[in-house]
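Trainee: The working numbering numbers the first residue of the sequence shown as 1 and each following residue consecutively.
Hints listed in this document are in silico derivations from the structure and should not be mistaken for laboratory results.
Possibly wrong hints are sitting among the right ones.
Pairs of lysine to aspartate or glutamate, DMTMM-like flavour, derived with a Cα cap of 20 Å [to be verified]:
#: 1; residue 1: K116; residue 2: E127
#: 2; residue 1: K130; residue 2: D51
#: 3; residue 1: K62; residue 2: D178
#: 4; residue 1: K153; residue 2: D132
#: 5; residue 1: K173; residue 2: E107
#: 6; residue 1: K25; residue 2: D51
#: 7; residue 1: K25; residue 2: E117
#: 8; residue 1: K153; residue 2: D126
#: 9; residue 1: K130; residue 2: E61
#: 10; residue 1: K116; residue 2: D126
#: 11; residue 1: K153; residue 2: E107
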Amino acid sequence: MKKFICILLLCLTAQAFALEVAGVKLADNVHFGNRDLQLNGAGVRRRFFLDLYIAALYLPEKITSGAAVLADSGEKRVALHLLIGISADHLFSALNNAIAANHTPAELSALEIPLKEFAAIFHAIDEIKKGDVVTLDYLPGSGTRVSVNGVAKGTVGGASFNSALLKVWLGDKPAQADLKQKLLGGQ
1 MKKFICILLL CLTAQAFALE VAGVKLADNV HFGNRDLQLN GAGVRRRFFL
51 DLYIAALYLP EKITSGAAVL ADSGEKRVAL HLLIGISADH LFSALNNAIA
101 ANHTPAELSA LEIPLKEFAA IFHAIDEIKK GDVVTLDYLP GSGTRVSVNG
151 VAKGTVGGAS FNSALLKVWL GDKPAQADLK QKLLGGQ
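Go ahead and model the full structure; you've got the sequences and the hints to work with.
Mentor: Next up, the structure:
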């Protein structure tokens with residue numbers, strides 16, 4: 001009986017701790033919209049030898065396929081925990097370049113207005129400091145809300161924009177292949 005209780009306590013304790021990536025503890029669950037989302041996966045975005053941010057993907061249930069995440073019409077959150085200070089324009093530019101890499105010119109043309117709205121939000125933010133958290137929350141019917149440290153900065157409407165944005169990390173040409181794998185629950 002003691003052995004059973006010890007194992008049970010060990011399991012419960014292990015589940016209480018959040019995942020830690022590069023020294024940053026990530027919440028196992030977040031409440032967004034009308035539901036709780038669970039951490040699907042997380043990893044470090046690197047460029048050359050520089051760790052830029054930790055990306056964490058939150059979904060209503062675990063999904064291991066990028067195509068399935070993109071097709072899902074429910075709430076989603078991508079949280080970017082900045083490991084360096086960066087201008088918001090620079091972060092937007094990197095995201096915009098990754099969006100362009102995952103879309104044809106015709107698809108990009110259809111995204112012209114939402115991309116301008118997205119750019120305007122980032123232009124208004126100015127600087128993002130080391131330790132800041134940028135969240136990209138998708139709520140069906142509302143769109144993708146951009147927040148910094150929990151303060152909403154603006155929303156871009158449309159499910160197609162959110163899908164385009166998620167392709168930065170989960171598309172056929174992700175910003176970083178091993179980060180895509182980690183966001184989808186891989187090691």
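Trainee: Compare the structure with each hint and give your call.
Mentor: Hints versus structure:
Of the supplied pair hints, the one linking K116 and E127 holds, its CA atoms being roughly 19 Å apart against a limit of 20 Å. Of the pairs offered as hints, the one joining K130 and D51 holds, with about 11 Å between alpha carbons and a cut-off of 20 Å not exceeded. The straight-line distance between the Cα atoms of K62 and D178 is roughly 18 Å, inside the 20 Å bound, and the hint therefore holds. Distance hint between K153 and D132 is fulfilled; the C-alpha atoms sit about 14 Å from each other, no more than 20 Å.
At most 20 Å may separate the alpha-carbon atoms for a hinted pair to count; K173 and E107 meet this at roughly 15 Å. Under the criterion of a C-alpha separation no larger than 20 Å, the hint pairing K25 with D51 is consistent with the structure, at around 16 Å. Between K25 and E117 the CA atoms are separated by roughly 31 Å; this puts the pair beyond 20 Å, and the hint is violated. Only pairs whose Cα atoms come within 20 Å are accepted, and K153 paired with D126 is accepted, the gap being roughly 11 Å.
At roughly 30 Å between alpha-carbon atoms, K130 and E61 are farther apart than 20 Å, so this suggested pair is violated. Between K116 and D126, the direct Cα distance comes to roughly 16 Å. Compliance with the 20 Å bound is thereby established for this hinted pair. About 26 Å separates the Cα atoms of K153 and E107, which puts this hinted pair outside 20 Å; it is violated.
In the structure shown, a violation is registered for the earlier hints numbered 7, 9, 11, in ascending order.
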